[in-house]
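Sequence order for the protein chains is A and B. As numbered in this note's numbering, residues 222 to 450 make up the first sequence, in order. As numbered in this note's numbering, residues 222 to 450 make up the second sequence, in order.
Careful: at least some of the hints might be erroneous.
Repeated chains share a single entry, so a pair holds when one copy, or any two copies, can fit it.
Quick list of in silico lysine-lysine cross-link-like pairs, DSSO-like style, CA-CA up to 27 Å [as the list claims (entries may be wrong)]:
no.	residue 1	residue 2
1	K391	K292
2	K347	K391
3	K227	K292
4	K330	K261
Hints listed in this document are in silico derivations from the structure and should not be mistaken for laboratory results.
There are 2 protein chains.
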Amino acid sequence: MSSPRKVVELFYDVVSPYSWLAFEVLCRYRNVWNIDLKFKPAFLGGVMQGSGNRPPGMIPNKFYYMNTDLKRLSEYFVVPLNPPLNPVEAMFEKGSLNAMRFVTAVAEKNKEGDGPVERVSRELWKRIWSTDQDITQPASFIEAGLKAGLSANEVEEFLTLAKSQPMKDKLKSATQEVLDYRGFGFPCIVCHVNGKAEVFFGSDRFELMAHCIGEKWVGPQPLKPTAKM
Amino acid sequence: MSSPRKVVELFYDVVSPYSWLAFEVLCRYRNVWNIDLKFKPAFLGGVMQGSGNRPPGMIPNKFYYMNTDLKRLSEYFVVPLNPPLNPVEAMFEKGSLNAMRFVTAVAEKNKEGDGPVERVSRELWKRIWSTDQDITQPASFIEAGLKAGLSANEVEEFLTLAKSQPMKDKLKSATQEVLDYRGFGFPCIVCHVNGKAEVFFGSDRFELMAHCIGEKWVGPQPLKPTAKM
């Protein structure tokens with residue numbers, strides 16, 4: 222392909238299940254579309270507060286629908302989503318600030334390749350959105366980091382780094398970037414097309430996004446077309 | 222096709238632009254999928270109130286996004302959406318109660334075929350969501366009705382019928398049906414599959430919906446596949 226790869230930024234928080242869907246789909250399409258996928262860990266709590274948005278779970282019917290919707294999407298997208306027993310506690314009371322600082326630290330130290338940040342993010346999503354495990358304690362980050370293939374030393378280093386002011390600032394600035402794009406939730410996907418930033422919210426605009434960046438959407442499993450049948 | 226046609230109900234209000242997108246897409250797919258499409262005019266204000274939902278326009282960033290999103294979708298779906306100059310006034314202050322009572326009257330008197338209710342709904346959408354015209358006054362319903370191919374006598378009859386208690390009750394009961402399905406906005410699409418009601422909210426679940434009803438999604442213009450290129 223001769224045209225330059227289009228930069229696609231995925232702003233996400235592992236507390237957000239729709240972000241997980243978008244993350245897996247973009248990881249698959251990274252090898253199909255002519256794009257340069259950039260992971261941008263950010264903090265959902267900050268985006269909600271900064272935009273004045275309220276979580277959908279506050280409206281009982283929306284909360285009910287979200288459960289059905291996620292169940293259907295999980296099957297169709299082939300992402301092992303399984304809501305925690307107490308989603309309100311897991312998502313809003315416990316929150317993801319420390320988790321996203323940890324992911325930010327991993328992302329910061331692995332700028333050359335996306336491998337570690339991708340794997341660590343996925344392990345954290347699996348914890349909160351598949352096996353109903355904690356994502357707030359250091360022990361949880363250690364477990365996720367080791368499962369993601371990091372060494373014990375690396376995990377220790379990231380844990381320390383995650384508590385540093387530069388990492389806190391880095392997460393804050395990624396969150397501010399979302400607000401500057403007038404975001405109000407996650408996933409927030411920013412496609413840089415001909416010098417213009419095209420912002421998409423949610424995991425349900427891929428067909429439209431493909432159209433905007435001149436690519437083709439063939440469903441959530443581009444590498445296994447027969448699996449869709 | 223030998224299997225029975227699946228009933229797909231579209232609950233909508235002409236005040237909702239995303240409902241217009243869903244309406245046009247379903248009108249196109251009615252001739253492609255093995256479905257029996259039923260138009261269910263209902264009242265968005267009642268659904269919002271009954272579910273405790275708030276319009277997305279209340280969050281400035283969501284409102285901004287909705288404009289961009291609708292512009293992109295309008296082009297991609299090939300539906301001539303064009304937001305009114307003052308959407309807050311058009312959507313929330315003026316509202317759609319009388320418009321939806323009028324549509325309900327048309328739907329009630331034309332149970333044998335969907336022609337009139339389809340055309341009248343489209344004309345009302347065009348007024349509010351394309352040419353920024355009123356949809357609250359009798360004169361507006363007369364104009365829309367005539368454009369939709371009704372005779373002056375028919376329009377008069379529908380105008381009178383729209384004010385009757387049975388039509389008010391009919392609209393109320395369609396709105397209650399949405400709340401019974403735990404709906405919280407429009408479009409609300411209910412697919413009856415193997416005795417189960419699968420509820421989809423929004424105009425961005427067609428691919429998933431197709432998967433659920435055993436059909437194939439080929440983009441918003443199924444009858445003109447080359448137009449997607």
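Which numbered hints does this structure break? Per hint list: single violation, 1.
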